[in-house]
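Undergrad: These protein sequences, in sequence, are chains A and B.
Residue numbers for the first sequence follow the working numbering, so the first one is 1 and each next one is one higher.
Residue numbers for the second sequence follow the working numbering, so the first one is 1 and each next one is one higher.
Since the hints were made in silico from the structure, they are not lab data.
For each residue, glycine too, the CB sits at the ideal point set by N, CA and C.
A few of these clues could be false.
[Unchecked claim] Here chain B is said to cover these stretches of chain A; the calculated rule only asks that three of the stretch's residues, wherever they fall, bring their Cβ under 8 Å from a Cβ of chain B:
{"hint": "1", "region": "14-26"}
{"hint": "2", "region": "50-61"}
{"hint": "3", "region": "111-119"}
{"hint": "4", "region": "140-146"}
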Amino acid sequence: MAIVRGRVFGRVVAPLILLVAAAFFILPLFAMMRFALQNVQVIDLRWSNLFDKWSLAPLWSAFSDDQFGRALTLSLKLAFGTGLISLLLLVPTIVWVHLRLPRARSTVEFLTILPYVIPAIGMVAGIMVIKPHARWFLNSDLSLIPFYVVLALPFTFRSIDSGLKALDLRTLVEASRSLGYGWMRTIVHVIVPNLRTAILSCLFLTVAVVLGEYTIADVLLKRTFPAFMGEYRGSDPKGGYGLAILSLVVTTLIFMIIGLVSRPKSARRRRARGTT
Amino acid sequence: MPFLAFLVLFLIVPAISVFSQALRGANGEFGFASMGEAFSGQNLDAFWFSITFSAGAAAVGTILGTLLAYVAASITRPRWLRNAVTAFSGVAANMGGLPLAFAFLSLLGRQGLGTKLLNGVGIDLYAGDFGLGEVTGLITVYSYFNIPLMVLVILPAIDGLKPAWREACSSLGGNSSTYWRRVGLPVLAPSILGGFILLFANSFSAYATAAQLTDNSKIVPLRIGFFLGGDVSVGEDAVGYALAAWMIVIMAVAMILYWALRRRAERWQS
Numbered sequence: 001m002a003i004v005r006g007r008v009f010g011r012v013v014a015p016l017i018l019l020v021a022a023a024f025f026i027l028p029l030f031a032m033m034r035f036a037l038q039n040v041q042v043i044d045l046r047w048s049n050l051f052d053k054w055s056l057a058p059l060w061s062a063f064s065d066d067q068f069g070r071a072l073t074l075s076l077k078l079a080f081g082t083g084l085i086s087l088l089l090l091v092p093t094i095v096w097v098h099l100r101l102p103r104a105r106s107t108v109e110f111l112t113i114l115p116y117v118i119p120a121i122g123m124v125a126g127i128m129v130i131k132p133h134a135r136w137f138l139n140s141d142l143s144l145i146p147f148y149v150v151l152a153l154p155f156t157f158r159s160i161d162s163g164l165k166a167l168d169l170r171t172l173v174e175a176s177r178s179l180g181y182g183w184m185r186t187i188v189h190v191i192v193p194n195l196r197t198a199i200l201s202c203l204f205l206t207v208a209v210v211l212g213e214y215t216i217a218d219v220l221l222k223r224t225f226p227a228f229m230g231e232y233r234g235s236d237p238k239g240g241y242g243l244a245i246l247s248l249v250v251t252t253l254i255f256m257i258i259g260l261v262s263r264p265k266s267a268r269r270r271r272a273r274g275t276t
Numbered sequence: 001m002p003f004l005a006f007l008v009l010f011l012i013v014p015a016i017s018v019f020s021q022a023l024r025g026a027n028g029e030f031g032f033a034s035m036g037e038a039f040s041g042q043n044l045d046a047f048w049f050s051i052t053f054s055a056g057a058a059a060v061g062t063i064l065g066t067l068l069a070y071v072a073a074s075i076t077r078p079r080w081l082r083n084a085v086t087a088f089s090g091v092a093a094n095m096g097g098l099p100l101a102f103a104f105l106s107l108l109g110r111q112g113l114g115t116k117l118l119n120g121v122g123i124d125l126y127a128g129d130f131g132l133g134e135v136t137g138l139i140t141v142y143s144y145f146n147i148p149l150m151v152l153v154i155l156p157a158i159d160g161l162k163p164a165w166r167e168a169c170s171s172l173g174g175n176s177s178t179y180w181r182r183v184g185l186p187v188l189a190p191s192i193l194g195g196f197i198l199l200f201a202n203s204f205s206a207y208a209t210a211a212q213l214t215d216n217s218k219i220v221p222l223r224i225g226f227f228l229g230g231d232v233s234v235g236e237d238a239v240g241y242a243l244a245a246w247m248i249v250i251m252a253v254a255m256i257l258y259w260a261l262r263r264r265a266e267r268w269q270s
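Please model the complete structure; the sequences and the hints are all you need to start from.
TA: Rendered as structure tokens:
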């Protein structure tokens with residue numbers, strides 16, 4: 001009986017569940033793509049004209065909006081600054097914790113999930129309180145950087161932390177120190193080169209966070225790329241949805257690249273040799 | 001430590017200032033008036049609405065996510081399928097913000113593709129009280145990131161169920177349902193409950209997606225944004241901060257529960 005039921009589950013129920021799930025996850029994306037890129041109203045849509053009149057024109061007109069360049073430049077600057085500060089802040093801290101205070105690691109990890117406890121909308125409420133006292137700082141668009149560093153912490157911490165865990169840190173540092181390097185040069189010339197993939201995924205993750213963050217920018221009226229996207233949709237829905245697709249594609253690529261580069265070395269090597 | 005100083009300056013100070021504003025009366029004196037006001041009348045309605053749809057979204061995400069993870073764990077062939085499910089979950093769990101709202105607006109909005117398809121088979125989606133900004137709509141939209149997040153949370157726990165336990169159960173005379181009732185579910189329970197809380201917190205605090213779907217001010221994060229936007233009379237802004245303070249309190253309780261449950265769940269995963 002149990003065997004029969006197991007077989008029914010494996011042959012019928014499981015594929016059915018997977019199919020329904022696939023439909024649920026793919027249909028919204030397809031609907032958005034169709035809305036943005038097919039110049040046919042839903043009302044006029046038939047099976048026969050499903051493949052007619054697709055074009056990238058809405059995207060081009062969004063690109064040519066004069067606010068677009070400014071918003072994208074701001075977001076790229078924010079991504080660059082957020083990535084740089086995240087690395088400067090996290091690499092020395094996590095190296096230090098791994099070497100000197102292994103017991104504090106879980107405390108530090110707890111601190112890095114605090115942005116879940118104080119979500120973006122709570123954080124921006126706090127920024128509004130501080131604003132009258134720190135206008136010189138918060139009036140600048142780039143003042144978003146430190147807050148984005150905090151928002152990205154749960155992701156960035158984990159990527160650097162797991163990268164360091166895979167190293168024999170103590171031996172590396174002792175070797176480097178006994179050969180006469182100071183702390184600075186040890187970090188820059190010994191640890192960082194060994195952390196290349198972790199640093200790369202940390203940077204990609206900050207790009208994904210910055211490209212996705214809307215709450216803080218919206219409330220503080222900063223014109224970042226996501227804020228522009230929301231605003232532009234008001235005047236040109238198709239173009240706005242097109243931009244959303246674009247940012248989705250970029251974010252998905254980022255997560256796929258991270259998945260590829262952070263795969264354990266042994267698996268990659270085996271694949272390279274062509275054996276499994 | 002510069003790291004600590006940074007966190008204090010850009011996370012703790014803003015959080016504390018929220019509370020300092022929330023605990024301030026109309027004349028600037030210390031008091032709980034605003035906190036009380038933020039938890040009564042329309043504001044209380046908003047909390048109930050937000051808690052209702054977040055709990056609903058968490059329940060749907062927990063059940064379907066666990067089911068999907070169980071299916072993914074039981075797949076042996078083709079081998080790439082399981083990896084595809086986990087890789088996709090990693091991407092979709094982080095999806096949110098504007099693109100998610102746009103996707104569902106074009107699928108299930110009034111002029112949506114899915115709405116039209118359903119109409120074609122005789123179902124009028126908007127005949128009842130469905131709306132993307134209402135409980136049912138928000139649950140549907142938030143399931144898009146909640147289900148994959150649950151898959152990621154629960155998959156290690158499901159992988160931790162040892163085949164030997166099942167064999168032991170059946171050699172002691174138990175059938176499949178005995179196994180799930182007496183072994184499987186009790187072992188998974190902390191992970192499932194922890195996942196539920198995580199999904200609840202995730203749904204409760206989401207702003208960007210909701211802001212694009214609707215201007216329903218019964219959604220607490222949108223309400224906070226409305227108060228912060230400044231179109232309110234003097235003294236009322238304290239209510240906005242009090243709402244934010246309540247939200248942080250609720251999130252803190254949820255995360256502490258999650259942390260404790262995760263500790264318990266890890267016991268079986270070595």
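Undergrad: Determine which of the earlier numbered hints do not hold for this structure and return their numbers in increasing order.
TA: 2, 4
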